[in-house]
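Enquirer: Single-letter residue listing:
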Amino acid sequence: MNRRSLLRGVATTGSVLALNGLAPMAFAAPVEHAPVTIERLPKLSGTLTLYLGRGEGGLYENILAAIERRNPDLKLKVRRGPSTALANALVAEARMSRVRADVFWSIDASSLGLVAEQSSPAPIPADLSAQLSPAYRYKRWLPISGRIRTLPFNTGRVSRAQLPATVMQLPESDLTFGWAPAYGAFQSFITAMRILEGEDATGAWLEALASKSKPYAGEFGVVMGVSRGEADLGFANHYYTLRLKQGNAQVPVDLGFTENDAGSLLNASGAVLLNDSDLATGFVRHLLTEQVQSFLAREAFEIPLVRGVQGPQGLPPVATLKPPAIDLEALSDLKPTLALLRRVGVL
Amino acid sequence: MRRVEPAVIASSVVALFVLAPVVVLFWLGYGADVDWRAESLRLTLNTLALTLLTVAGAVLIGVPLAFLTTYCELRKQGVWLALLTAPLAIPSYIGGFAYFAATGAGGEIALLTGVALPAVDGLPGTALVMTLYTFPFIVLTTRASLRQLDSRMVEAARCLGAGSKEVIARVILPRIRGGIAAGALIVALYTLSDFATPAILGFDTFTRSIFVEYNAFGLDRAALLSLQLLVLVGIVLALESRVGTERESTRCNITLRLTTSAYWLAVVFMSLVVTLTLALPAFVFAVWLARDGIAGFDPVLAWNSTYPALLAAVATVIVALPVAFAATQSRAGRLLERLATLGYGIPGIVMGTALIYVGLTFDYLYQSLALLIVGHILRFLPLAVGPLRTCAARLDKNVLFAARSLGARRLETIKRVSLPMLVPGAFAGGALVFLEVMRELPLTLLLRPTGMDTLTTELWQVYEAGYFGRAALPALCLIAISACALLMMFSSENRSDQLPGR
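Read top to bottom, the protein sequences are chains A and B. For the first sequence, the working numbering gives the first residue as 1, with consecutive numbering after it. For the second sequence, the working numbering gives the first residue as 1001, with consecutive numbering after it.
Extracted from the complex, chain B is given alone in its bound form:
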């Protein structure tokens, strides 16, 4: 008889939890009258086009940056890394609105310099802004893969006469497909479920319809549309699962040396990205701040943002561990992992409403911190599963067998062999969840305990009313905390290099 792996059992439980809000969606959407096939088709095509362009853009920017920050000797590497991943701290509606306000005739740039940049809007504009605020997902997941590569393969290729380009194209890239695909999946799901950016930049997507229905109190239609969107999510999940991950037994550090001109080219590229993602919104905020003056700011908002994000990050990594393990062990585990990923494709406002009903069923959960954390776990689970799975896939069964045959018990093997191998993935995944929770808005608005205001709810409040100057301080605070978290993550990442298991 075949034994069912404990990881698969744990993973089934997680998948059941993720499916709970989907069941509520069916209940809410039951009986809704939606009859607009032509419209649905247009929205589907728009949504797919945006997703495709955004993923392509994010890969094109993210993968080179992951190489630069992992393999190349950069001065102030940690600072660059933090700067290049800090865009994850900027909520999409803030980034989107900064571009809307800065560009075009009469935009802030035109007012200041007299030269109007073309307006950033429509499909290209939305894809550009989405790309700029999602590419760090690719940087982080690709880095997690790159750091696991065996340098001896690279040395072997070099000995056989391969140049740097050839080494990258034929040795490294094929081996990090899984990491890139994991990042691309996150970018795709983010794009599918984000509402604010396309709405602000004037591009019609599925989420916009959902939001319109939600706002017009057509909760049943919003639920039904969300279920339709989940079909798209399912397609993306199926596509990504076709990308396999190479197994790597050992890892040694790889260094690619850059020529002086290439070095400066890289610095220019990185500076350009930082300018577009961070400096531009900072400039817009500064203009608004100067125009509106500084208003009061309550530091408790920062704490209210930080500790739920920390709790959610730790909890999500713990929940993600069995899911990631199961995914590497069997087809059933793989399927369960796909199911557990569905939550990221449900727009936050719909997920939040579904969880309100779940919370009201168990009264003590309603408007509790616990339900908010559960909501974050359900939605952001894939962010932690992706990097963990990439690491788990590299765990060589032979190493585990060796540990067992040397007398280590099952738990000891997990503790001393498996877990240390997963540390980079856990850090990358935890950081992603932390950053997403920090900037997340709709779930927080709907589920938080009454009276708990956070940086993002404050940002929403002033943005909604058109008081942009007041958004400057909470936004800067959000970015600063997130950047600190990233710096801490990268420094502990370096320490983890010295852990056993290599």
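Chain A on its own, in the form it takes in the complex:
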């Protein structure tokens, strides 16, 4: 309910270590999978320019403030912006050989893929990748936290039993839908569907749903629309629903999940190293610490990708979710997706 100020954010990041951080370490995870705690990292010094693609309403600020507090000799120059705008700017900088950023931290895998492809990023050190689940070890960018595709549904109009196990079964139901075709996360979802089910099946799916769907500008709008009963079921990243319910627990909306298909795609935020300095690597190392990962899970409802860190409240345990096996780096190819969305007339 209450948002933490900088000070309290820093205080709680510390206390979590004692509360829930140690528990999985002691019981569930083997010792070598224990997340690194921030205290074990060497102190950083120098000036680092960070391009931050979105910041979850200031929540990332708390993380940056905590990192600065721990490293008094570190000076962070932060450029915040929409992930696509910063990615386009970085592509321009790379084209003109004048890259200003040391690290690009973005909430959106496709912008990371684009920047990694069009600039010459430093490789991700193996010991950093090793802290992540094996499915998220990429060469050119480092996943940091996850977000899963969900089907938020109106609990007053739909019961959980009515939800099919896969998104491909949705056209057969008589539900109404809310979606945001212009929104990046939705386009990634359709890209995943294209890869998993094929172009034709995806086109047919979109066509079948188009007449029963209400378009929204963004996915927070989708979740609000579903909660108001404008649609029975929506397509949105998981955290919008959790945040809406955080503001007002009475909202009649709940999260539905599918299994092993695009409907439960686990997409990632992450970082590109645009400078191979120890400072840039050391900074990114901080983002994988137990404290930062727990903070992301608790405050931003994001899914920690470092092994041995507890997932967000309100979401089933991460181990029980069944996201499809898909290479996130393949998701940056949006052109065929847009062409498809246009062909069926939803964009």
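No lab work stands behind these hints, which were simulated from the structure alone. Only a predicted model underlies this, so the values are computations on that prediction, with no experimental measurement involved. We treat Cβ as the ideally placed atom computed from N, Cα and C, and that holds for glycine. Treat each hint with caution, since some may be false.
As the list claims (entries may be wrong) - What follows is a list of derived Cβ distance ranges for each label pair:
#1 A:R157 to B:L1041: 34 to 44 Å
#2 A:G46 to B:F1283: 45 to 55 Å
#3 B:Q1228 to A:R98: 29 to 39 Å
#4 A:P72 to B:A1105: 45 to 55 Å
#5 A:P125 to B:V1013: 46 to 56 Å
As the list claims (entries may be wrong) - According to the in silico footprint, chain B covers these stretches of chain A (three or more CB under 8 Å from chain B):
#6 75–84
#7 178–191
#8 284–294
With chain A held as given, fit chain B onto it using these hints.
Expert: The following block gives chain B in isolation, referenced to the frame of chain A:
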């Protein structure tokens, strides 16, 4: 041999600068594959319909309000003026989202009162919200014209037996066409290039396509679409240039007396407008604030918003002066002024990206305050040119000749005769630029120096993440600063009445 006016030369330089980003757009868009004629046609029609409705709505609300606040004796006139023009301080995505959140079944109003207002969406809803956040443009430009009118014409008409209605319809309105048209042009260009409101309220326009392409990393297609949009902008510019401005040699204050019932009707009308534009978003913010609690707020954001806006306002007025002058002097000047207006029709995100390339070419400009200000000038130049041109058109050549024949040199004539006549236009134009820069988002996001966060970037950040409660304080701060600027403008406007030149 005919002498080329210096104003025309200066205006050519400005037009060249405005065309620089357009050249970058051609470069970026070169080779893009766009093949969707049917879609383009639909988008064009949608965009035109929205623009037409918004302009009509803004004129219908704006012109009467300009009359009321200029000619009628209202109690607390300055406060009314500030309140009625303060909607210019509200970013379109905030206004749009407030309406989206407040109305319809399950909206905040329905939750509070149990009575659901019809949802504000689609073409009518988008046009309504656009109207509510653009009509003050018309109020300000029309006021600038109204304040220049010669009261003797009105008195003459009255002596000849004309009633108030007839005086307004046959004497005043024809003489302020230019001012209304200047405002209508701004409203039209704003509507053509705004992305957020139609996107939030679910109406498909050109800008939405541009934004979708931009977000899917189709920068080439976004650039090409922006060039297509510029064709529409060109049409609007050509239309507006057909509206002429009457020349007025002197001005004396005009007062229209309202009967008691008309007075209260006017107050009800103004209150209704203030309720719809300011009270409704304030109510929505208050609800969110109560729900989410107060979060920290850094006052440096307010300063970071204010001083670039001030710099941009002053710089834009200075750059606009020769453009406005040239426009009144020759056909070439008129054409150059039209070219200089193109920038307002390029969506901010596209203009910003084009300027990133310009900035990277001259490395020291990239991510500097200077480039940000240049971006604001290029985009908001027409806001200052419009009111200035209306004033410049009223400069009677005979008065200038008289000054020259009395021995005043060229510079002295400009200083003592021309410039004082332009003061109301400069204030109106400067204020418009200030307000637009205050609420502007995409250019600021793309061009500002790293680490400089403003009220609007903060608003974007919390809005984007769905933390609406946190938007309340920066939004209120934005509105408060803008309202103060408006109050200052209106009080200096009154002082300028005492300046020489009448």
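Enquirer: State for each hint whether it applies.
Expert: So, going through the hints one by one against the coordinates:
1. A:R157 to B:L1041: 34 to 44 Å: 38 Å, holds
2. A:G46 to B:F1283: 45 to 55 Å: The hinted range 45 to 55 Å holds for A:G46 and B:F1283, with Cβ atoms some 48 Å apart.
3. B:Q1228 to A:R98: 29 to 39 Å: For B:Q1228 and A:R98 the Cβ distance comes to about 30 Å; the hint holds.
4. A:P72 to B:A1105: 45 to 55 Å: 53 Å, holds
5. A:P125 to B:V1013: 46 to 56 Å: Cβ of A:P125 to Cβ of B:V1013: about 52 Å, so the range 46 to 56 Å holds.
6. 75–84: holds (count 7)
7. 178–191: holds (count 3)
8. 284–294: violated (count 0)
In summary, the one numbered hint that this structure violates is 8.
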